[in-house]
Amino acid sequence: MKSHLTALSLPCTLLILSLLLPVLLPAQELDGYQEAFVAHKSGRQEQALQLVDALLLKGPNPKALELKGRILHSLNNYKEAENFYFSALEQDPAMTSPHYHLGEAAFKRKAWSEAIQYYRVHINKVKESPDSRLKTVYSYLAAGNLPEAGRWITTLDPVDDFNPAYYFARAAMAFSNGKTQEYNETLQQARTIYGNEVFNSYEPDLLFLLKNLPKSESQAPPPAQKKP
Numbered sequence: 000m001k002s003h004l005t006a007l008s009l010p011c012t013l014l015i016l017s018l019l020l021p022v023l024l025p026a027q028e029l030d031g032y033q034e035a036f037v038a039h040k041s042g043r044q045e046q047a048l049q050l051v052d053a054l055l056l057k058g059p060n061p062k063a064l065e066l067k068g069r070i071l072h073s074l075n076n077y078k079e080a081e082n083f084y085f086s087a088l089e090q091d092p093a094m095t096s097p098h099y100h101l102g103e104a105a106f107k108r109k110a111w112s113e114a115i116q117y118y119r120v121h122i123n124k125v126k127e128s129p130d131s132r133l134k135t136v137y138s139y140l141a142a143g144n145l146p147e148a149g150r151w152i153t154t155l156d157p158v159d160d161f162n163p164a165y166y167f168a169r170a171a172m173a174f175s176n177g178k179t180q181e182y183n184e185t186l187q188q189a190r191t192i193y194g195n196e197v198f199n200s201y202e203p204d205l206l207f208l209l210k211n212l213p214k215s216e217s218q219a220p221p222p223a224q225k226k227p
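FYI, in numbering that gives the first Met the number 0 the residues of the sequence shown are 0 to 227.
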């Protein structure tokens with residue numbers, strides 16, 4: 000099933016998650032986890048840390064361990080975040096999302112080979128994973144392997160109604176090949192199709208990639224055209 004959450008506003012996303020959490024967690028853990036999650040998504044990371052730490056004192060809780068990793072990631076503590084993702088997997092090896100978050104941490108550390116490994120594990124476990132596929136493209140581009148990046152672009156859905164991964168992957172490839180006009184046009188298409196909110200949520204990682212491309216390919220990224 001394709002993810003619909005990327006096209007929703009934060010308030011709508013939080014509302015949906017608040018409805019799903021009772022199914023995912025025992026009742027006695029719900030209030031603490033939900034409160035910590037909402038604090039994290041609202042940018043109140045220190046408060047979120049306090050809440051999730053209090054939850055972890057009550058006993059083993061793989062979802063809370065993963066959430067603590069995500070909070071630490073938001074605070075740029077990527078290596079420490081990875082420790083909590085691994086701990087979550089140790090407690091519940093059936094979890095899939097920690098593999099994606101491990102890829103995210105490695106990506107931010109510029110450990111491209113590690114990122115690729117984690118993203119591919121996530122893809123193997125969750126077939127519909129456009130964000131992992133996009134980041135696999137990014138990681139191959141950052142590692143200088145354009146042919147493999149191009150192969151992974153072909154695995155993305157160009158008509159996904161909710162996820163702009165295909166367009167951002169194409170834009171990244173165009174930039175890596177020095178095709179500035181195609182880069183700008185592709186991003187403009189993404190903004191038009193998916194709207195500013197979704198576009199703005201994907202742009203930071205693209206710009207992070209462009210700043211870290213191999214020197215032979217790197218250049219200051221031109222600004223994407225803004226939607227009128």
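No wet-lab data here; the hints were simulated from the structure.
Just to be clear, a hint being listed does not mean it is correct.
[Stated by the list, open to error] No more than 35 Å apart at the CA atoms, straight line, and that leaves these computed lysine-lysine pairs for DSBU-like:
1. 210 x 57
2. 210 x 178
3. 109 x 126
4. 124 x 78
5. 126 x 178
6. 109 x 178
7. 126 x 78
8. 124 x 107
9. 107 x 214
10. 178 x 107
11. 178 x 214
12. 210 x 124
13. 107 x 57
14. 78 x 40
15. 109 x 214
16. 57 x 214
17. 57 x 78
18. 124 x 57
19. 214 x 78
20. 40 x 124
21. 78 x 210
22. 126 x 210
23. 40 x 107
24. 109 x 40
25. 126 x 214
26. 107 x 126
27. 57 x 178
28. 40 x 57
29. 126 x 40
30. 78 x 109
31. 78 x 107
32. 109 x 124
Predicted model only: the values in this text are computed from it and were never measured.
Violating hint indices (sorted, rising): Checked against the structure, the hints that fail are numbers 1, 16 and 27, while the rest are satisfied.
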